[in-house]
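Quick note, the sequences are listed as chains A and B, same order. Those letters in the first sequence? Residues 27 to 117, per our numbering, in order. Those letters in the second sequence? Residues 399 to 680, per our numbering, in order.
Calculated directly from the structure, the hints in this document are not laboratory data. It should be emphasised that the depicted structure is a prediction, and the values quoted were computed from it without experimental measurement. Among the hints, a few may not be true.
[As the list claims (entries may be wrong)] Label pairs and their in silico Cβ distance ranges:
| no. | chain 1 | residue 1 | chain 2 | residue 2 | range |
| --- | --- | --- | --- | --- | --- |
| 1 | A | ALA117 | B | GLU679 | 50 to 56 Å |
| 2 | B | SER678 | A | ALA100 | 44 to 50 Å |
| 3 | A | LEU61 | B | PRO582 | 33 to 39 Å |
| 4 | A | GLY38 | B | GLY584 | 47 to 53 Å |
| 5 | A | ALA33 | B | PRO621 | 35 to 41 Å |
| 6 | A | ALA117 | B | LYS583 | 37 to 43 Å |
| 7 | A | LEU61 | B | LEU545 | 20 to 26 Å |
| 8 | B | GLU679 | A | ASP46 | 19 to 25 Å |
| 9 | A | GLY38 | B | GLN447 | 33 to 39 Å |
| 10 | A | GLY38 | B | ALA671 | 47 to 53 Å |
| 11 | B | GLY518 | A | GLY38 | 42 to 48 Å |
| 12 | B | GLU674 | A | ARG44 | 30 to 36 Å |
| 13 | A | ALA33 | B | ALA671 | 34 to 40 Å |
| 14 | B | ASP594 | A | GLU106 | 32 to 38 Å |
Even for Gly, the Cβ is constructed at its ideal location relative to N, Cα and C.
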Amino acid sequence: MAPPVYAADPPGARATIRLDDLVAVLHRPSGTTHLLAPPAPELLDALASGPASAEMLLGRLSQQYELIGSEMDAIVARMEELVAAGLAWRA
Amino acid sequence: MRHAHAVRVGAVGFRIGAAWRAPVAALARLYEGYPAPEVADLTVRLEPQRPWRRWVRPSVEIAGDYWLPDAAPLPLEQGLLAAEMGMNLQVALGWRRHLLLHASAVEKDGRVLLMSGASGSGKSTLATLLGMSGWRFLGDEFAFVALDDGRIHPFPRAASLKNGAIEAVRAAGGTVGPVLEGTPKGAIGYWRPPADALARMAEAAPPALLLFPRFGHAEAVEPMPPSEAFMRLTQASTNYVALGEAGFATLARLVGTVPALAIDYPDSATGLALVERLWSEA
Chain A
27 MAPPVYAADP PGARATIRLD DLVAVLHRPS GTTHLLAPPA PELLDALASG PASAEMLLGR
87 LSQQYELIGS EMDAIVARME ELVAAGLAWR A
Chain B
399 MRHAHAVRVG AVGFRIGAAW RAPVAALARL YEGYPAPEVA DLTVRLEPQR PWRRWVRPSV
459 EIAGDYWLPD AAPLPLEQGL LAAEMGMNLQ VALGWRRHLL LHASAVEKDG RVLLMSGASG
519 SGKSTLATLL GMSGWRFLGD EFAFVALDDG RIHPFPRAAS LKNGAIEAVR AAGGTVGPVL
579 EGTPKGAIGY WRPPADALAR MAEAAPPALL LFPRFGHAEA VEPMPPSEAF MRLTQASTNY
639 VALGEAGFAT LARLVGTVPA LAIDYPDSAT GLALVERLWS EA
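Bound conformation, chain B alone:
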């Protein structure tokens, strides 16, 4: 690879290589202040679809140690998104040292709040807003659950905010940038976690509350039985099956020890207030 950048995010050492300078430079800017990894656990490669497409209508194909055959190539202007997607993909498919949950995570008073949901549920937005108001931001995409003691290890990547979430975070005083327009998911903007989140990225903490948020509905709170949380999280985990019995035991312990709630909220401000209230009652 002509251009490369190595970065550690939480437990994961990445090496991102590309045929072009621009996406690697953008990535280096976004991850400024993150430590360099001792070892690159996962490799992401951004390559031209065909050799000549490095110059002619450049199109970025995501590759790495693990790959999906239907990962669509992106135009070069969205190279940063390709790098970010590549990092997520390599973690999702390749990581085996923790149980991975598709969830955001924030910490307060030594205990972790997990929020799991599909794209559009608001888990990234809520984690970002909480990270701006006294909580430690652990991550907006993956929660790393330790297989031995169930604690949550940070993965404080830059939060990926989509469409309305960009304005919601800006309105709350947050800095979002760069913003990529016209991606397959609409506009995507990145929010850099605060210095505290980076300085403490090796510091794990036990989970205390599990929320399944749903944005855009009238406020509602519904307790969720452990069996339903278990079922949802098997589906929200990218490596549950690969981990076998270790994943089974880790997930069963999580839902057996941490209360779970399904929450609906109409807007970010209401969601934030609701989360704070539920946390104070947990």
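Isolated chain A (complex conformation):
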């Protein structure tokens, strides 16, 4: 089975304010507010250049951040949380 490909609304669909470790996100299309912990905001930003699998997202993130350990499972888990929250979807 092919790994899921994730997509999200463009960054302009979200208002984002860093509060502390957590980031407050207003999803403009739905009007819902979310508090996100890293790397969820970074994953949403990484989807700005188009839909991506977890592996592709890992590649995009590693260009910007120093990643350590087995991030793949964590990225899938975070993406599924974003899907459940309505901030991303399976393309």
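Got chain A sorted already, so can you dock chain B onto it with the hints?
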């Protein structure tokens, strides 16, 4: 409506109409000295459940421009409570010009202390006691946060004190009256804000400290991260969702610029001393 009274509290113009004279007369007494509104922004109606119940075991149903289907009717003797609840309900559901927080607010030296908490947290009692000891009372129920500059606008309704709070305020020399016994929330007494609070009800001030008090626990102070304050206040706001991005930005600015603390206190005197100490350190 047969009987009506119009009053302005802070930014809000109310018109309260009723099928009976008594609750409107009680309200007019409680709000004596408050200005009349130029425009009634919100309307409260106290109506009989059925037309004949204006005379037979009279029961007051709260209505208005905005309403909740499960607002329980109250006996006529509690008509003042019905009027007060109706005013709160209309503000909570209908007001859009400010971000509303379920919080009490007092001001000193041009800066505002906000206290947010559920019923029983002591926010009304603390605001009342502070209002009797050198602070300007801005309100015990709703803090009105301006959407453009984040300042707190007064809403100096008569403070609604429940059960033990009535004695606590009387013991501190305050006048509480009238007291309604046997309401769904127990005894409720009203404390009229001082003349200064009424004279300056159009005067807003910036927030400087945000407290989340909890009455009845050993004294403790815990800093609260902005994200937790943000989450709690989205739940403590009655119009956050309705305001959309304006509410989001206003609330984020508030928690991003004002320090927040969770405080526990065992009794009013300790709470008062704790608040004064934290304020002097803020």
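Evaluation of the provided hints:
no.	hint	in the structure
1	A:ALA117 to B:GLU679: 50 to 56 Å	holds, 52 Å
2	B:SER678 to A:ALA100: 44 to 50 Å	holds, 45 Å
3	A:LEU61 to B:PRO582: 33 to 39 Å	holds, 34 Å
4	A:GLY38 to B:GLY584: 47 to 53 Å	holds, 51 Å
5	A:ALA33 to B:PRO621: 35 to 41 Å	holds, 39 Å
6	A:ALA117 to B:LYS583: 37 to 43 Å	violated, 52 Å
7	A:LEU61 to B:LEU545: 20 to 26 Å	holds, 21 Å
8	B:GLU679 to A:ASP46: 19 to 25 Å	holds, 21 Å
9	A:GLY38 to B:GLN447: 33 to 39 Å	violated, 51 Å
10	A:GLY38 to B:ALA671: 47 to 53 Å	holds, 50 Å
11	B:GLY518 to A:GLY38: 42 to 48 Å	holds, 43 Å
12	B:GLU674 to A:ARG44: 30 to 36 Å	holds, 33 Å
13	A:ALA33 to B:ALA671: 34 to 40 Å	violated, 56 Å
14	B:ASP594 to A:GLU106: 32 to 38 Å	violated, 56 Å
Violation of the numbered hints given earlier is confined to hints 6, 9, 13, 14; the remaining hints are satisfied by the structure.
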